[in-house]
Structure formats: C-alpha cells, structure tokens
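Colleague: Chains as they are written, first to last, in the numbering used here: chain A, 1 to 333; chain B, 334 to 854; chain C, 855 to 1241.
I should point out that these hints are in silico values taken from the structure, not numbers from a laboratory.
Fair warning: this is a prediction, and the values are worked out from it, not measured in the lab.
Keep in mind that a hint or two might mislead.
[Stated by the list, open to error] Quick list of in silico lysine to any residue cross-link-like pairs, SDA-like style, CA-CA up to 25 Å: (1) K87(A) with L102(A); (2) K1174(C) with V140(A); (3) K87(A) with G150(A); (4) K1044(C) with Q299(A); (5) K1174(C) with Q144(A); (6) K1174(C) with W898(C); (7) K544(B) with R560(B); (8) K1044(C) with V1062(C); (9) K592(B) with E624(B); (10) K1174(C) with R143(A); (11) K544(B) with T513(B); (12) K1174(C) with T138(A); (13) K544(B) with E836(B); (14) K544(B) with A579(B); (15) K1174(C) with G900(C).
[Stated by the list, open to error] Derived list of chain B stretches under chain A, where covered just means 3 residues or more per stretch with a C-beta under 8 Å from a C-beta of chain A: (16) 409 to 421; (17) 427 to 434; (18) 441 to 447; (19) 452 to 460.
Even for Gly, the Cβ is constructed at its ideal location relative to N, Cα and C.
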Amino acid sequence: MTRGRFLFVLGCIAGLVGIAEALRSPDVPAAVVAASMLATTLRFATPLTLGALAGLFCERSGVANIAIEGMMLAAAFGAFIVGALTKSLAAGIVAGMVVGALMALLHAWLSVTLRVDQIVSGTVINIMAAGVTGFLSTEVVRRQAISGAGLLPAWRVPGLSEVPVIGPLFQQQPIAWVTLALVVVAHLVLFRTAWGLRVRAVGELPRAAHAAGVSVARTRYAAVMVGGAIAGIGGGYFTLEAVPVFEPMMTNGRGFIALAALIFGGWTPAGAWVASLLFAAANALHINAQQFGIPVPAQVVGMFPYVLTIVILAGAIGRVTPPAAIGQPYVRD
Amino acid sequence: MSATDPAGAGGGGPWLLEARHLTKRYGAVIANRDVSFGVRPGEIVALLGENGAGKSTLVNVLYGMTAPDGGTLLVDGQPVRLRSPRDALARGIGMVHQHFMLVPPFTVAENVALGHEPSRHGAIDLATVEGRVVALAARFGMEVDPHAVIRDLSVGQQQRVEIIKALDRGARVLILDEPTAVLTPQETEGLFHVLRGLAAGGTSVVFISHKLGEVLDIADRIVVMRRGEVVGEVSPADATPESLAAMMVGREVLLRVEKAPATPGEAMVVLRDVQVAGDRGGRAVDGVTFEVRAGEIVGIAGVQGNGQTELVEAIAGLRPVAGGSLWLCGVEAQRLGVRARAALGLAHVPEDRQRHGLVLPFSVADNLVLNRYHLAPLAIRGVRQARAILDLARNLVARFDIRPPIAEVPVQALSGGNKQKVIVARELSHDVRVLVAAQPTRGVDVGSIEFIHRSLVAARDAGAAVLVVSAELDELMSLADRVLVMFRGRVVGEVAGSEATREGIGLLMAGGGRQLGDVET
Amino acid sequence: MAPARPGIALRLDAALVPVLAIATALVAGGAILWAAGPQLEGPWLGLQFVAVAYLSLLEGAVGSRDAVIDTVLRAVPYAFSGLAVMLAFRGGLFNIGAEGQLTIGALFAAWAGFGLDLPAVIHLPVVLATGCLAGAVWGGVAGLLKARTGAHEVITTIMLNYIASQLAAYLLNGPLRDRSPLNVIAQTPKIAEGARLPDLVPGMHAGVLLVVAVAVVTWFVVWRTTTGFELRMVGANPDGAAYAGVGVVRRMTWALGASGLLAGLAGAVQVAGVNYRSTLGFNVGYGFDSIAIALLGRNTVSGVLLSSVLFAALRTGATKLQFRTQVSADIISVIQALVLLLVAAEQIVRWLYRLQAARAVAPAGDDEGREVAPVTIGSAETARTSK
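Chain A on its own, in the form it takes in the complex (with noise of 0.2 Å):
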C-alpha cells in the first residue's frame, strides 16, 4: 500500500471519528466516544481481514474469489454447530477452519480442475452456502433446539487493558488477535518463503511456474485451502466470538467488502489490514451512533461502507494491478 493511501485511510477514520465526536451528546465525554470507536473498529475488522487474508491466497495464485462470503457462512454455521456439540469452542474453530477449507475445495476443483468460469464458481458456491446454511439451520438448529457453546472470552493485556479511554483497545477476543498475528504470518509466508515464491509465479504467469517445474494445479489447490482455512477462522468469528448463535446470511456481505478491501489494499496483507480497518471505522460509527444516541439516520450510516466501496474500487483513490493471471485457468498441452 502506497503511502498515499495509507494517509487517505488514517485521514478517513480520523473524519469518522470526528463524525461521532462532533455528533455525540453533550452528557457523554469526548475520550470515550473516541475510545469506543477504536475499539469497535479493531473488532469490526477481524472479519474483513480474515476474509481478505483468505482472499489474498487465492488470489494471488491466479484464482479469483469471490467467495469469502459463502466460505464465512459456511464456516460460521460449521464452527457454532461443532462448538455446540461439543461444548467446545476450540473445536468449533477447528470445524470453522475445515469446513472453510473444504469449500475453497470445491472452488478449486471447480475452478482450476474443471476451468469454471471462476466467477461463476464463486456465485455457485455463495448460492450453496447460502441454501445448505440455511436449510440445515432451520432442520438441526431450530428443530432440535440447539444452543451455542457461548462466546470466547476476552484475552486483556495485562496493564494496557486497565489503562483509562484506551483500554478496551487491549481487550479484544482470541481471534481478534490471532487475526493480527495472521497479517504478520502471511506477509512472512508470500514474500519469504519458497512457497509463497511459487504462489506469486504461479499467480503472475502460470506458464513460466509450469516450465520451472512447479505444479500450477497442485500450488492453486494448496493457495485456495489455506485461503479457505483462513475464512474459516473469519467464519468462527461470527458465531464464537460476535454472537453465539447462527441466523441465516448473517456474513451480511463482510466476504464482499473484505474482497474490497483485499483490491484496496493492492494485494498485500498490511495493505489488506488497513483497508479493513477503514471498512470496519465506518461500520463502527453506524453502531456507535446508536449506542450514544448520535443522531443520524441508521440507514444513511449504515449504507455508508458500501459507497465507500465502490467509490474505492472505481479508483477514485488510484489504481493498483491485480495479479496478472487472475481469472484465467490454466491449460496445459
């Protein structure tokens, strides 16, 4: 991410905040606003990150996703269904992750194996995610009256977390962490190890990978899992950590922003990040306008992560190039 950019996102949320503050009840004081804001807007972008890390994977090694979302509702039905049989809500991490996974199968399979427009294999398996979800909510969640395992419990960080106005930034959930420590991991992953070298190639000109001797097949199938695990976790995020129940299509279009901001943040995971964090600031001045009675229609609010995305992909905020060999299956002799 240019600097530019990353000037732009650090000036929009500061404006978002600005909005809430200049907005806010005289009875309520400044510092917690601003406070509040932060913090919802760190927790807010767990999930959008998760999906722009699962999307960035794919996407890289030349496979275009516009799953998440199914992946994430998928995921998020996996993860509370497992936690709740179990009792266990690592478990239902686990589950999130696999059955993340096993979705990015099925795209891969459809897209690299049997060369699916990969767009058309995105819709396919969001329209699947959407339908079994809520199917098997209705028949096993309802039915049987199945209740969550609950919600993971805050980690603090020891002092931080006691400090005044800025401690809530230091009490976030388990996965609100693992998601910053994800960011790290990834970049480490794509751009120091051999096969992070492999997804780029294989990404930016699947031919030259293929004469270099590396499978092309076998790299994409690898990339798109790994980026399916990890909207598994995003999924998790919904149902461990948000709320502990499912309802249906509640990913409300978090897969489609964090693929967003995945393109906003030209591809790379900090850049992923930041982009997600502006998302989330404008999601957070919808709900923290509610909860200090700030008055501005909820709609108006509401709409506003949307306009954002578009005004940002129509490159208002300049462009960046996508990998080069995204979209195209790769055929082989």
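Model the placement of chains B and C on the given structure of chain A, informed by the hints.
Modeller: The following block gives chains B and C in isolation, referenced to the frame of chain A:
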C-alpha cells in the same frame, strides 16, 4: 525420414537426448507425425521449418511441457517418461521458450530460484541464488544483475536470464525456441557467441529457427521439418539457402513478390511528429513523421517492441494520438473514432488477429461483416438482414478461397491461415484507400502467405496506400517499395525496397542510423 | 440459411445438460429429504417418504387452479429478472445486482403509484416506466463504473444491493412510509386503483402477458438488431468490438442499464400487479435466484422462461412439502444450489451420464440421456452421506 538415423549410426557418438517415432495430435490436426530426432553432447543442432511445421510441438515434448500421443524418449540411451518440465529438468534438459517464461514483477534471482528454491529456516535463501547467477554470468561472458526486476530488462537481457536459469538447473541440453525472433542482428551475434561457448564446454544446443542464414551460421547439423514430419537432415557444409528453403516448403518458393514498379500518387497517410503512449506509460512512439502515398507499399521494420504496435493502433484509432498530427485521405484524423476512419476508407489488418481481428465464437459470416454490420444493406434501421449478410459472406468465402467454404461455422474452427484470410477478405472487400497491415503473414501457411502478398500488391495497384509492419525482413524487402526502420519509438532510417539489404536494415534496427524524425522537424 | 436439422440437434443437446442437472439435483434432494425426514425402517419406506414429499411438491405447485396461478405469478418476476441477468451475461457482464435493481424499481414504482395523481390510462404505464427507469439507473451506474474505471461489476452490483436495501429501509420508514394509523410496518401506502395491473383471469394479473412481450422483444434485440450484435460482440471479445468501431464503454453501460431496466420492471410489476405497495424486505432472494435461472436457461430467452417457471413451481410447492413432511421448505434452496452447481460445471453431468463433450452432431443424444438416467439414481444414492 531416411536422412535421420535415430540409432546413432550416423557417426559422432551416442545420443544424449533422443526421440523415437513421436506423434502428437491436437484434435484433427497432427502436429508431429512419427518424428525421430536426437542430439549428441556438445553439438549444436538446428531444427529448421516454417511456422506450423511442428518444431515447437517437438521441443515441448522433449521438455515435458506436452505429453506425446505415441513414441519414446531416451536420455543417455535410457527410455524416460517426462510428465512435466520438472522431470525434464531433473534429467538435464533445459529450455528457453519463444515467449519467455519469466515472471515480470520478480527479480532475476527470484526467477532463477523458482522451482528449486534453497531455503534456510523456512525462509527462501536468495543470496545463494544471486551468487550462482553472478558466477554463471561471468563464466559465459554475459552481463546480468541478479537484483534487477525482469520487466525493466531488455528482451536480449531477458533471454540471457533464461539461459542462466536453464544452466542453473544443470542443463546438459539447452533447447532454444526461435531465440532470434526478437533480437537485432547484432544481439543475435552475441547470442551465437554464448551458444558456441556453451557447446565448447560440452553443453548440447537445440536451436529452432525458420531463418536460413542463421541456421547455416550456427549449426553443426540441420534437421528440417515440414507439416509435422522430419523431412531431412544436412550438414551446413552441404547446404545452401536455396536447398534448405526447398526442403522447408517442399517446392521452390517465390522469394520475391512479383510486382510492377510503384506509381505513387498523393499522400494518403501523413504523420507529423506523432507521439503515442505505451501501455506502461512513457512514449512508445516518440515523434514519428512520414507519409504513405496512394499506389505504394511502405514497410516498417524493427525489432518487436520498438513502437510499431502502438503506431499501428494509433493510426487505426484504437490508441489515442498523444501529440503531433495524423491525416488520413486528406482529413485530419487524430481525433476521429475507429468508425469515422473506416468511413474515410481505412482498412486495418490487426497484428493480433485472435484478440482484435476476430470474435472467435461468432460465425465466419458475422466476422466477415464485423465492422460493417451496421451499414445498409447488412442492416436496415438497426435490424440485421440475415439474407444480405449471408450473401455477402458466401461471396467473400468463395472469392478469397476460405476453407472450409461454409459461412456459418464459428471462425474459431478455422486454421490460422484461413482466419487471416477472413480478415483480409473483410478489409479488402470494400473501397480501400488506406490499408494498414500488421504482421499480415505471422503464423500463416505458405499458400496463404502468397495469397495475402498478392492481395496487398493488388490493393496497391488499385490505388490504395499500403502500410505493412512486419518482423520478417525478407517479407518487407520483397513486398515494400520503401522500408522505414523503427527504433525506440522513432523512425531511424529509410531504404528503398530495391536497395534494402539485411545488414543495412539490421544496423538501423539496432539504433545505428541517423534519426529521420529529427531531420524533418 | 443454415441447414435446419443440425440446429435442432444443437438445441436438444443444449437442453440436455440442464434437464439432467435438474434430474440429478432432485435425486440428491431426495436423499437429503430422506435423511432429514423421520426415522423409517428400510429403503422401501424411505423411498415412499421421498415420493410423498415430491408428490406434495408437485401438488402444491400445479395441483389446483390456485396453485397454478400462484406458480405463474411467482414466475413473472423470476422471468423478468432472469432475462435481466441473461442480457448482461450476453454482454459479458455478471449482474448480481438484480435484487437491488428490483428493490429500487419497486420502491419508485410504488411512489409513482400513490404519489402521483394521474388519469387511469396513463397512470399504470407511468408506474411501470418509473420502475424501469429506476432499475436502469441502478444497473447503469455499475455499467458506467465498469466501463469507465474497470470497477468489477460483481462487487459494485452487490454493494448496490446493500445500498438499495438501506435506502429502502430509510424511505419506507421515513418519507415514503404509509402514515395511516393502522399501519405498523415499513411500507408505502397502497397505489391508486388506476395504477394497478388489471386481472387477466380472476386472481392472475396481466403482467403475464407483459412477460411474454418483453421476452420476445429481448430476443429480437439480442439476436436480430445491430445493438444486440454489438452487445454480443462486447461480451465475446471487447477488444474485437473496439476494433470493429463499437463504443465499448457505451455498450457496457447500456447492457447493465438495460439489465437493470428489466429487473426494475420485475419490481414494478410486483407492485402494480400483486402487492399494490412496496414493503421492506419482500424481495430478498431474487438476486441469487435470477442468476441461477439465467445459468440454468443457458442464457437463452426460452431457457430463462422455462427455468423461471420451474423455480417458481419449486418455491410454490415447497410450502405444501413442508406442511406434509415437516421438512423445511429451505430444501428448495439446496436443490436449486445443486442444479446451479451441475449446470455451471457441466462436466460433472457429462461424466455422470457418459455424454460426449462434442455437441456438433448428436441427434440421438436425447434418447441416450433418458436411457442412462437410472445410473445417477444409484450413484447419487451412494453419495448420500448426511444420515
């Protein structure tokens, strides 16, 4: 067939790499039919043949990129199965492809490392690779910076990276597919120097080309292919360009196009200091000035990537003219759209026929009216007239001998030569005052080449101004009345077609001439 | 003209994969029904249960006059929005935003219906035109962005869906809300009598005729006009279209605009013919369904019409299925997803039924397909894992 003796009895020791009775089909097309071929240690073998003769298929099989349908491969006399390039590389077979296999945003070292990356503590160890690149480059007298990013390198430099990449994988056989197509004559000399050094050190070289002179210059042995088969093998000492050409095409070729002297009329294409932006910014065309007159063919020579593509697209209206002025048929045209230029009488045979010239899933008929579908009688008040379209299409199919002669088949079912005929038929079927043809015979069979050349000359004789851009010097020298040479976005020289020599044009292509653009402005 | 017989063979072959995909998905759906149903002893009772389920689906869809009318009425918006997605597809664009365009179309049609005071003769046309226009703008924005800036239409149309639903929530709770004291939900007042579609037969509005007319016009535009030729050219090869002098930017904008127009018309017809008002959330699900319909219909007009009737029948019959078997009506979404999967990846179907990939000459293909159909029943049964 008889000239090749795959058993190795032809003298000169055992085969290092050998193919026996290879066959490869693509659908109904047989790309390789019962091909036997071998190379000995330290030998430079040239594989000679026209476009489409099956050379690339053969070497792709040798490199494990393509699975053959029949036949065997042997390395050091042992049968092997190459399922992928990885298998080939493991057995010491390396390849420099016609279209380079280098990842543009990666560095030289990253490209060399790809596929056999050394790692330390899980992290990729590029320093080791960089060291090896420097050592190999020094040993064979090449200059390569391991930290350079590929997309910043010239084509010649990229080719050196490809060679180093193969050598770094321990290649004992180095296959080069049309390595000189993108090089100036001077760069070609440099490449030959490297190849001779490699051969002297014991590396075998398979050199693919359709250029007779080069093959005679570099090869120890020449194997000729035609229509998917090996048709002969000769030693350079026993061969002449004429004898090789005859083997290559199976009959005497018209080395020169028969045409009367040009009778140039008024200037139909006028460029004054034209500038055009490239895809990645910068000026691909940097101040070009010339004219094409009615009744003459002007050729543009130059190494690929020196602005010819952008120049043609700018004249055709597919790319904006960033500076200077362009006149077509006496009208200032740089702001006109594609359609307005066509209305002036501009016809355009595009360089990339799959991308620009045709809509592959559409029928031959629809492609024959691709840019005139909206005109009467093909459409009346916005409604297409199937009858009129089909009548026109059938007429053109017959006149231009397009095969199969069915206007309803999708154009993607046609061979390269017939696809090109569809384009030429479409562009020449109406009143042409200016014809711009880019690489009009690339990848086209000999019969179609002759036909296309005759069509271009006929257009000239009918009074059109013809501009031909080609990478084939021979084509330009025989076809054009004047040849302009482009280098780095400028016209650096002009030669009359009758006086053109390969050496003279080659020197200009390498930037060794005075700059006409400067003189005239 | 082209020889007639190969044309028919081609069309039969083109229909073969969707038909087999539906059959396969129904078999797989049967396996899921079995698994989701009550514990039954032995395969015989299980098969009976599945048969009862599907028979009640059929009965619910076409078993009575009311059921048929329900199915037809449900097929109307599906057909419009399926044609919308098809039109964009033909131009190489993926309109995932039919739902948003439909929402906006319904919203503005409703506004025109209750907010304007016009004579009856022109009120209905104005209502429909307003819906079309609103949908066209909503789709055209995405087209313009794609053509001018390269912003991928898949994401922008999805974002426009969310924006549309927020906008609807705002307007239906605010400026356009029905202020009558009895109203407790987010909806507009009822539209004027003169703005409503008349009944064709009792209980079924004349929008059905409109669907047929619009389908014919769409077919004519796509296949018989220069505009349609340009659209298909842009869809098949944008570079080739630019070379041929087509204004690619204009044509892309037009494609998504026209697509949005059809989706907007779907919303307007729902308002003018069925609900007589716009209600928050009444149109959830149309976006995905219309994509499935377009893909299942292979992006042909006749295919889209048939698919929309099929999907409407499935949705209409699902209520009865749920009532009889106690299995959630959402099973239909699963079956639809399977159909879509099998149509998108037709290699799976071709592999299951050992069909030739080549489709140039296979007049016997249809018969062959029917003969081997039992094979899948077996293979889908073995694939059943959910029990």
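Colleague: Now look at each hint and say whether the structure bears it out.
Modeller: Status of each hint after checking the structure:
no. : hint                   : verdict
1   : K87(A) with L102(A)    : 23 Å, holds
2   : K1174(C) with V140(A)  : 20 Å, holds
3   : K87(A) with G150(A)    : 9 Å, holds
4   : K1044(C) with Q299(A)  : 23 Å, holds
5   : K1174(C) with Q144(A)  : 22 Å, holds
6   : K1174(C) with W898(C)  : 23 Å, holds
7   : K544(B) with R560(B)   : 17 Å, holds
8   : K1044(C) with V1062(C) : 21 Å, holds
9   : K592(B) with E624(B)   : 21 Å, holds
10  : K1174(C) with R143(A)  : 18 Å, holds
11  : K544(B) with T513(B)   : 9 Å, holds
12  : K1174(C) with T138(A)  : 17 Å, holds
13  : K544(B) with E836(B)   : 14 Å, holds
14  : K544(B) with A579(B)   : 13 Å, holds
15  : K1174(C) with G900(C)  : 19 Å, holds
16  : 409 to 421             : holds (count 3)
17  : 427 to 434             : holds (count 5)
18  : 441 to 447             : holds (count 4)
19  : 452 to 460             : holds (count 4)
Consistency note: the structure conflicts with none of the earlier hints.
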